[in-house]
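Novice: Everything in the sequence shown is counted per the working numbering, starting at 100 for the first residue and increasing by one.
Simulated from the structure, these hints should not be mistaken for laboratory data. Just so you know, even glycine gets a beta-carbon here, dropped at the ideal spot from N, CA and C. Misleading hints may appear alongside valid ones.
[Stated by the list, open to error] Taking lysine to any residue and the SDA-like style, the derived pairs with C-alpha atoms no more than 20 Å apart in a straight line are:
hint : residue 1 : residue 2
1    : Lys228    : Leu240
2    : Lys225    : Glu215
3    : Lys292    : Thr209
4    : Lys147    : Thr117
5    : Lys206    : Met196
6    : Lys138    : Ser115
7    : Lys261    : Asp244
8    : Lys261    : Leu199
9    : Lys261    : Glu123
10   : Lys147    : Met196
11   : Lys225    : Pro281
12   : Lys206    : Glu134
13   : Lys292    : Phe177
14   : Lys214    : Phe177
15   : Lys264    : Pro281
16   : Lys228    : Asp244
[Claimed, not checked] Here are the computed distance ranges between Cβ atoms for each label pair:
hint : residue 1 : residue 2 : range
17   : Ile258    : Gly149    : 29 to 35 Å
18   : Gly175    : Leu255    : 30 to 36 Å
19   : Lys147    : Arg288    : 29 to 35 Å
20   : Glu171    : Leu199    : 19 to 25 Å
21   : Lys254    : Ala229    : 18 to 24 Å
22   : Glu164    : Asp184    : 19 to 25 Å
23   : Ala229    : Glu185    : 29 to 35 Å
24   : Ile282    : Ile258    : 38 to 44 Å
25   : Gly166    : Glu132    : 16 to 22 Å
26   : Ala195    : Arg245    : 18 to 24 Å
27   : Glu257    : Val119    : 16 to 22 Å
28   : Leu199    : Gly166    : 42 to 48 Å
29   : Val130    : Leu328    : 19 to 25 Å
30   : Glu132    : Lys217    : 29 to 35 Å
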Amino acid sequence: MNAVFHPTIALLQSSSLTTVVQQEIERAILVGEYEPGSKLIEATLAMKMGVSRGPVREAFRMLEEAGLVRNEKNRGVFVRDIPIDEAVEIFDLRAAMDELVGRQLAKNITPAQLKEIKGLVDAMEKAVKAEDARQYHLLNLTFHDRLVEMAGNRKLTEIYRKLIKELSLFRRLNLADGWLMPISAGEHRQIVKAIASGDAAAAGRAMFDHVIESKERTIENDLRRQARLQASPAGRSMAGNAARSAGKADHTEKEKERPQRGKR
Numbered sequence: 100m101n102a103v104f105h106p107t108i109a110l111l112q113s114s115s116l117t118t119v120v121q122q123e124i125e126r127a128i129l130v131g132e133y134e135p136g137s138k139l140i141e142a143t144l145a146m147k148m149g150v151s152r153g154p155v156r157e158a159f160r161m162l163e164e165a166g167l168v169r170n171e172k173n174r175g176v177f178v179r180d181i182p183i184d185e186a187v188e189i190f191d192l193r194a195a196m197d198e199l200v201g202r203q204l205a206k207n208i209t210p211a212q213l214k215e216i217k218g219l220v221d222a223m224e225k226a227v228k229a230e231d232a233r234q235y236h237l238l239n240l241t242f243h244d245r246l247v248e249m250a251g252n253r254k255l256t257e258i259y260r261k262l263i264k265e266l267s268l269f270r271r272l273n274l275a276d277g278w279l280m281p282i283s284a285g286e287h288r289q290i291v292k293a294i295a296s297g298d299a300a301a302a303g304r305a306m307f308d309h310v311i312e313s314k315e316r317t318i319e320n321d322l323r324r325q326a327r328l329q330a331s332p333a334g335r336s337m338a339g340n341a342a343r344s345a346g347k348a349d350h351t352e353k354e355k356e357r358p359q360r361g362k363r
């Protein structure tokens with residue numbers, strides 16, 4: 100005989116399951132299992148996770164609010180592809196937030212916390228030697244998340260995490276270029292050194308500069324990706340289609356502008 104749960108308990112069970120589903124889809128997006136622009140199929144995900152489609156549908160809604168997916172009417176749900184101009188805006192905001200975090204930690208970090216972040220940088224340097232970009236990316240996310248959490252400002256942590264989730268794709272693509280990982284690791288080592296020195300201005304500057312450097316790398320990588328796309332057969336085809344469409348539109352406008360002859 101099936102148990103009949105009180106409505107409140109049933110709601111809590113449903114909410115808990117939705118949260119688990121949302122967190123798993125979010126994890127897959129952040130580590131690159133689902134690329135930007137890829138379609139997320141409700142039925143497939145439900146089957147993969149062994150749940151009904153309801154929790155997946157609700158998880159999509161939560162992920163859309165978090166800025167990780169977009170829901171297109173009559174087309175479905177897709178992983179968001181954040182435009183470069185929006186990414187740059189997020190980097191600038193994050194730089195200001197990280198500067199505040201660096202200043203706070205230089206004054207308040209505990210020996211145990213300092214040991215923890217030093218350990219994370221050690222692990223990042225091992226990932227560099229192993230040329231493990233995926234592991235480096237995950238450690239990079241953990242390092243910055245822990246710094247913000249250690250600063251002790253709950254509201255800042257909440258806002259920061261939302262921004263970082265949206266930026267995750269760009270940061271992962273930056274680090275996919277193996278030669279950039281040692282540079283990034285060196286910047287993290289300088290951040291730890293500045294925080295350990297107790298110099299609030301130096302720590303804030305180290306964190307601010309790291310974000311700005313990351314922003315510049317993102318812009319450069321995006322320009323290179325756009326150039327590769329334009330050079331590819333598919334890219335040239337898209338450009339040609341766009342030019343033809345523009346030409347047709349221009350011709351149509353000119354036809355409209357011609358004076359219409361009246362009947363005699």
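Novice: Now tell me, hint by hint, if it's right for this structure.
Specialist: Quick rundown of the hints versus the structure:
With a C-alpha separation of about 18 Å, the suggested pairing of Lys228 with Leu240 holds against the 20 Å cut-off. Taking the CA atoms of Lys225 and Glu215, the gap is about 16 Å. The hint holds against a cut of 20 Å. Simply put, Lys292 and Thr209 have alpha-carbon atoms about 14 Å apart, close enough for the 20 Å limit, and the pair holds. The suggested pairing of Lys147 with Thr117 holds, with an alpha-carbon distance near 14 Å, which does not exceed 20 Å.
Proximity of Lys206 to Met196 is assessed by CA-CA distance (about 16 Å); at most 20 Å being required, the pair is judged to hold. At most 20 Å may separate the alpha-carbon atoms for a hinted pair to count; Lys138 and Ser115 exceed this at roughly 25 Å. Straight-line distance between C-alpha atoms of Lys261 and Asp244 comes to about 11 Å, which keeps the hinted pair within the 20 Å bound. Annotation: proposed proximity of Lys261 to Leu199 holds, straight-line Cα distance about 17 Å (limit 20 Å).
Taking the CA atoms of Lys261 and Glu123, the gap is near 16 Å; set against the 20 Å cutoff, the hint holds. Distance hint between Lys147 and Met196 is unfulfilled; the C-alpha atoms sit about 38 Å from each other, more than 20 Å. As the CA atoms of Lys225 and Pro281 are separated by approximately 10 Å, the hinted pair is consistent with the 20 Å bound. The suggested pairing of Lys206 with Glu134 is violated, with an alpha-carbon distance near 40 Å, which exceeds 20 Å.
For a cut-off of 20 Å, the pair hint linking Lys292 to Phe177 is broken: about 41 Å separates their Cα positions. A distance of roughly 40 Å separates the Cα atoms of Lys214 and Phe177; the hinted pair therefore is violated under the 20 Å criterion. Among the hinted pairs, Lys264 with Pro281 is inconsistent with the structure: their alpha-carbon atoms are about 23 Å apart, more than 20 Å. Between the alpha carbons of Lys228 and Asp244 the distance comes to roughly 23 Å, so the proposed pair goes past 20 Å and is violated.
For Ile258 and Gly149, the Cβ-Cβ distance of about 34 Å falls inside the hinted range of 29 to 35 Å, so the restraint holds. Separated by about 35 Å at the C-beta atoms, Gly175 and Leu255 satisfy the suggested range of 30 to 36 Å. Judged by the Cβ atoms, the range 29 to 35 Å given for Lys147 and Arg288 is violated: they are separated by roughly 40 Å. Take Glu171 and Leu199: their Cβ atoms lie about 37 Å apart, and the range 19 to 25 Å is violated.
Under the hint 18 to 24 Å, the C-beta atoms of Lys254 and Ala229, about 37 Å apart, miss the expected range. Between Glu164 and Asp184 the C-beta distance comes to about 22 Å, which sits within the given range of 19 to 25 Å. Take Ala229 and Glu185: their Cβ atoms lie about 33 Å apart, and the range 29 to 35 Å holds. Distance hint check: the CB atoms of Ile282 and Ile258 are about 27 Å apart, inconsistent with the given range 38 to 44 Å.
For Gly166 and Glu132, the hinted distance range of 16 to 22 Å is satisfied, since their beta carbons lie about 18 Å from each other. Ala195 and Arg245 have their C-beta atoms about 19 Å apart, which keeps the hinted 18 to 24 Å range intact. At about 20 Å, the CB distance of Glu257 to Val119 agrees with the hint of 16 to 22 Å. In this structure, Leu199 and Gly166 break the distance hint of 42 to 48 Å, their C-beta atoms being roughly 22 Å apart.
Restraint check, Val130 to Leu328: a C-beta distance of roughly 24 Å satisfies the suggested window 19 to 25 Å. The given range of 29 to 35 Å is respected by Glu132 and Lys217, whose C-beta atoms sit roughly 30 Å from each other.
Violated hints for the displayed structure, listed by number in ascending order: 6, 10, 12, 13, 14, 15, 16, 19, 20, 21, 24 and 28.
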